[in-house]
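Visitor: For reference, the chains in residue letters:
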Amino acid sequence: MLAMNYRGPQRVRVSQKPMPEILHPQDAILRVTRSCICGSDLHLYNGNVPDTRVGSTFGHEFLGIVEEVGSAVQNVKVGDHLIVPFNIACGHCTFCKQGLFGNCHESNPQATAVGGIFGYSHTAGGYDGGQAEYVRVPYVDVGPVVIPSGMDHDDAVLLTDVFPTGYQAAEMGGIRKGDTVVIFGAGPVGIMAAKSAWLFGAGRVIIVDHIEYRLDFARQYAQCEAYNFRSLGDPVVFFKKTTDGLGADVCIDAVGAEAAGNAMQTILGRKGMLQGGSTTALHWAINSVKKGGIVSIVGVYGPTDALVPIGNVVNKGLTLRANQASVPRLLPKLIDHIMSGRVEPKKIITHRMPLEEVADAYHIFSEKLDGCIKPILIPPAARA
Amino acid sequence: MEARTINETDYAHIPGWGIDADPENDPTYPMKHWTGDDHQRLGWERPPLQPVDVEILKSIEHPRITAVFGTTAPPMGLSGMIRRYAFKYSESHYGHWLPLILADRVGVVEGIIDDLRHGHVPNIFAEKGWKAGWKYNKQGIITKVAVTVAVTAAVVWWLRSKNERRLEA
Numbered sequence: 001m002l003a004m005n006y007r008g009p010q011r012v013r014v015s016q017k018p019m020p021e022i023l024h025p026q027d028a029i030l031r032v033t034r035s036c037i038c039g040s041d042l043h044l045y046n047g048n049v050p051d052t053r054v055g056s057t058f059g060h061e062f063l064g065i066v067e068e069v070g071s072a073v074q075n076v077k078v079g080d081h082l083i084v085p086f087n088i089a090c091g092h093c094t095f096c097k098q099g100l101f102g103n104c105h106e107s108n109p110q111a112t113a114v115g116g117i118f119g120y121s122h123t124a125g126g127y128d129g130g131q132a133e134y135v136r137v138p139y140v141d142v143g144p145v146v147i148p149s150g151m152d153h154d155d156a157v158l159l160t161d162v163f164p165t166g167y168q169a170a171e172m173g174g175i176r177k178g179d180t181v182v183i184f185g186a187g188p189v190g191i192m193a194a195k196s197a198w199l200f201g202a203g204r205v206i207i208v209d210h211i212e213y214r215l216d217f218a219r220q221y222a223q224c225e226a227y228n229f230r231s232l233g234d235p236v237v238f239f240k241k242t243t244d245g246l247g248a249d250v251c252i253d254a255v256g257a258e259a260a261g262n263a264m265q266t267i268l269g270r271k272g273m274l275q276g277g278s279t280t281a282l283h284w285a286i287n288s289v290k291k292g293g294i295v296s297i298v299g300v301y302g303p304t305d306a307l308v309p310i311g312n313v314v315n316k317g318l319t320l321r322a323n324q325a326s327v328p329r330l331l332p333k334l335i336d337h338i339m340s341g342r343v344e345p346k347k348i349i350t351h352r353m354p355l356e357e358v359a360d361a362y363h364i365f366s367e368k369l370d371g372c373i374k375p376i377l378i379p380p381a382a383r384a
Numbered sequence: 001m002e003a004r005t006i007n008e009t010d011y012a013h014i015p016g017w018g019i020d021a022d023p024e025n026d027p028t029y030p031m032k033h034w035t036g037d038d039h040q041r042l043g044w045e046r047p048p049l050q051p052v053d054v055e056i057l058k059s060i061e062h063p064r065i066t067a068v069f070g071t072t073a074p075p076m077g078l079s080g081m082i083r084r085y086a087f088k089y090s091e092s093h094y095g096h097w098l099p100l101i102l103a104d105r106v107g108v109v110e111g112i113i114d115d116l117r118h119g120h121v122p123n124i125f126a127e128k129g130w131k132a133g134w135k136y137n138k139q140g141i142i143t144k145v146a147v148t149v150a151v152t153a154a155v156v157w158w159l160r161s162k163n164e165r166r167l168e169a
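Top to bottom, those sequences are chains A and B.
UniProt numbering numbers the first residue of the first sequence as 1 and each following residue consecutively.
UniProt numbering numbers the first residue of the second sequence as 1 and each following residue consecutively.
Some hints here could point you the wrong way.
[Unchecked claim] So, partial list: chain A residues that the calculated Cβ filter (under 8 Å) puts toward chain B:
1. R7
2. Q10
3. N46
4. T57
5. N108
6. F200
7. G233
8. G311
9. N312
10. N315
11. N323
12. E356
13. A359
14. P380
15. A381
[Stated by the list, open to error] Which chain B residues stay away from chain A? Per the calculated CB distances, all over 12 Å, these:
16. N7
17. A12
18. I56
19. T72
20. V149
21. A153
22. W158
23. L159
Source of the hints: derived by calculation from the structure; they are not laboratory data.
Beta carbons: idealized from backbone N, C-alpha and C, even for Gly.
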């Protein structure tokens with residue numbers, strides 16, 4: 001089968017790989033119908049996630065049709081067209097039982113800090129991902145759901161990660177009606193966080209980035225204020241001034257390890273890999289939120305130490321909330337938001353490319369070319 | 001592992017133990033639906049176990065291998081040796097992560113050697129997506145090539161002049 005094949009930092013290609021097999025009674029094999037490239041895939045693409053092995057296939061946002069099921073599978077059948085959450089979750093462990101599907105303890109032997117994630121390095125379990133024609137889906141009875149009748153498949157594929165992650169970013173912010181919410185990062189997750197902040201009753205939503213076309217898109221799509229931090233001078237001072245000197249009620253870090261805006265962080269975190277990523281966005285979030293405020297973190301960072309102003313967290317009495325999105329927990333609510341027409345995630349898809357052009361797709365997304373917000377990859381059979 | 005249950009009489013000697021406990025006050029709320037299962041430790045009913053038929057490097061913080069795992073790209077070659085070394089250390093230790101980063105870079109070289117061994121000359125330009133780069137960002141590609149050529153030329157010149165100085169001495 002054709003599959004994306006990682007060859008090293010900023011080098012990927014499509015090549016033939018063996019078909020995936022049922023390795024566990026609760027597995028299914030899916031024929032992928034579309035997959036996305038996620039902003040967090042760029043951390044892998046740029047070689048910033050330890051234990052990203054050459055030969056791996058990325059992709060944790062995908063839909064697929066069930067081709068084969070293991071002997072213990074009960075809830076899905078051959079032919080079902082599934083939304084597959086990026087979390088690989090057993091449904092049995094303490095964490096899954098309490099809704100923390102992003103923290104499953106039975107899906108990743110290589111690390112305890114993170115559960116299994118499709119196509120996200122051996123640090124997240126060593127699974128091949130969905131940027132391929134076929135993919136193995138463990139615990140298929142637990143997380144995946146059949147695409148609801150009438151749902152556009154472009155909306156459905158964004159329920160695997162982007163919309164839930166943006167939504168959970170807003171949810172973790174504990175937004176109260178009238179709150180001012182500042183979101184760092186106008187990538188797909190930041191844009192969905194802005195859209196979601198309104199669902200929680202935010203009074204003012206502000207998004208920050210340095211890519212103008214993304215700010216323009218966010219203004220239109222998420223009906224929010226949008227600022228280029230390069231034109232703000234010191235962003236922290238700007239946000240204090242625009243909130244009566246107090247700071248925002250809630251700040252959301254939707255950037256993670258590859259934040260721009262601070263030369264030292266870029267050298268230490270992105271170029272030198274001497275810390276778990278550039279923490280510029282998180283630094284600004286901590287310093288821009290009000291005393292007693294909440295900082296919600298969904299930006300992905302590497303596992304090593306990283307510089308953040310933790311003294312200000314203490315002195316300001318902040319609450320930090322963070323997690324990988326618990327997609328299966330959120331799906332019923334988010335499906336309802338889509339089916340009722342309140343949110344149309346598919347509008348963020350700007351590029352639809354053949355799987356065979358995966359290298360070009362990564363380059364365009366990584367370099368932010370051609371107005372790219374969200375690229376999706378279509379395998380050959382799904383184009384027929 | 002044996003499940004741990006809370007017996008309130010065990011804490012009877014501590015005045016006021018648990019008097020202000022509020023299960024609703026969970027910092028992970030609303031992500032977590034508190035059930036008390038945390039105190040069952042590893043006592044949950046495990047799913048069936050995936051047979052281990054490739055080498056899996058297990059975190060030393062895990063008491064046991066998880067019920068399922070990925071089987072792609074098992075450790076091999078020099079990078080595999082480095083990875084095995086890394087897994088002697090916990091996830092809390094640079095001794096774990098820095099060797100893994102090194103192994104990833106060694107793996108890139110091994111990947112190129114493996115390609116050549118199989119008669120495949122990797123098309124680095126295509127793999128880097130420079131076709132799209134040329135279409136949408138010619139200036140960026142030209143700058144990258146120019147910088148690469150300039151840096152390479154400078155290094156070659158420096159090595160040559162160093163060699164000549166050594167010969168003259």
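Visitor: State the violated hints by number, sorted upward, taking the hints as numbered earlier in the document.
Guide: The structure breaks hints 3, 6, 7, 8, 9, 10, 12, 14, 15, 18, 19; every other hint is satisfied.
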